[in-house]
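Each chain is listed here by its residues.
There are 2 protein chains.
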Amino acid sequence: MKLYDFSVAPNPRRVRIFVAEKGLNIPVQEIDLYARQSRTPEFLKKNPAGQVPLLELDDGSYLAESVAICRYLEGLHPDPNLMGRDTREQAFIEMWSRRMELELFGGVDRYFQNTDPMFKGRFPQFADYAEAQRAYAVQRLTRMDGELAGREFIAADRYTIADITALVAIDLFTGLAKQPFPSGLPNVKRWHDTVSSRASAKA
Amino acid sequence: MKLYDFSVAPNPRRVRIFVAEKGLNIPVQEIDLYARQSRTPEFLKKNPAGQVPLLELDDGSYLAESVAICRYLEGLHPDPNLMGRDTREQAFIEMWSRRMELELFGGVDRYFQNTDPMFKGRFPQFADYAEAQRAYAVQRLTRMDGELAGREFIAADRYTIADITALVAIDLFTGLAKQPFPSGLPNVKRWHDTVSSRASAKA
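Chains as they are written, first to last, in the numbering used here: chain A, 911 to 1113; chain B, 911 to 1113.
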């Protein structure tokens, strides 16, 4: 296996944290998105969407999409479990992971893509829409603060892929997107401190 | 089990088609989103996101998010298989389902939500952003036409959840969002005719 990665980008980080939590050692090839290395004819043959992360399997096929890559690795290496041990747990972890992805990560990412100069000329940017998405993300974090009251982790009594999705979303918000960590959210803050202190968060 | 549904809406339809393909008989309760029935205190206790579909389990807990509900039903009723028979197949079907969801369904849905009068006053709408999303969805359909060349289904040699996601996205585009079926896409048209002719498509 080989993982096509870009160390700066949030979606590859989701997979890197997942891999670190599993204790796996997968060879990595850096694809510099700033240098448009995912848009070369050679890379587009591997992934026509021109995106990383991308996992090259031992049979030569290519698996794209962060969560699909995680599910593949979870199937090959079930422990430690990050996506659910049985049908019921798998479903509830997926519910929470999707909420964090579609609502939180989605809002943050649409804000970022509609404001960052890096994307200028690659697709149209809309400042008013960006601001609405920023507000939507902060709103979602506020709701999350209630959800995390009395809970250590988002989806289960242990760290799961839902925590990874939310961690990467928040770090995109306060990192590349240069926004302050919203104040007055003690439960989100406590949870973020906890998951950030795991060794995998450095991935 | 009980499924909280809204017959007009696209996300509940994804679950209804899935249920029909499985041949399951799950009692349904209609929640009229036009009448804001998902925003009553009673419903918000079941799903704080105020959304359908929502599955009430026999133990009284509530499972939200279309794909999480589908995964739960797939675990309970593995045949006919719609989400992959083994680790490798599950991963590739998820890759395709996510591409259809994030790229196609996402674009269509953001167009719809930023133009339809139904959403006026519920959240801000941005006409220029909507138009960019409409163009993005048509672009994705154009790419899909290439992907479907020589293929009967999207993700495997049989009908899967990826086909459901794409079918519902296209029908949202040409239905509620009142857009013409893009011309010059013979493979998408053939595929759409095929999947629309299944009994489950009426769900």
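Note that these hints are calculated values from the structure, not bench results. Keep in mind that this is a model prediction, so the values were computed, not measured. Errors might be hidden in some of the hints.
In this list, chains with the same sequence are indistinguishable; a pair is considered to hold if it fits within one copy or across any two.
Calculated cross-link-like contacts (lysine-lysine; reagent style DSSO-like; alpha-carbon spacing at most 30 Å) [claimed, not checked]:
#  : residue 1 : residue 2
1  : Lys1099   : Lys956
2  : Lys932    : Lys1030
3  : Lys912    : Lys956
4  : Lys1088   : Lys1099
5  : Lys1112   : Lys1088
6  : Lys1030   : Lys1099
7  : Lys932    : Lys956
8  : Lys956    : Lys1030
9  : Lys955    : Lys1099
10 : Lys955    : Lys1088
11 : Lys1088   : Lys956
12 : Lys912    : Lys932
13 : Lys1099   : Lys912
Here is how each hint holds up against the structure:
no. : hint              : result
1   : Lys1099 / Lys956  : between (39 Å within a copy, 26 Å between copies)
2   : Lys932 / Lys1030  : neither (37 Å within a copy, 46 Å between copies)
3   : Lys912 / Lys956   : within (12 Å within a copy, 43 Å between copies)
4   : Lys1088 / Lys1099 : within (17 Å within a copy, 44 Å between copies)
5   : Lys1112 / Lys1088 : within (19 Å within a copy, 47 Å between copies)
6   : Lys1030 / Lys1099 : neither (33 Å within a copy, 34 Å between copies)
7   : Lys932 / Lys956   : within (25 Å within a copy, 34 Å between copies)
8   : Lys956 / Lys1030  : within (25 Å within a copy, 42 Å between copies)
9   : Lys955 / Lys1099  : between (42 Å within a copy, 25 Å between copies)
10  : Lys955 / Lys1088  : neither (34 Å within a copy, 35 Å between copies)
11  : Lys1088 / Lys956  : neither (32 Å within a copy, 36 Å between copies)
12  : Lys912 / Lys932   : within (16 Å within a copy, 36 Å between copies)
13  : Lys1099 / Lys912  : neither (35 Å within a copy, 36 Å between copies)
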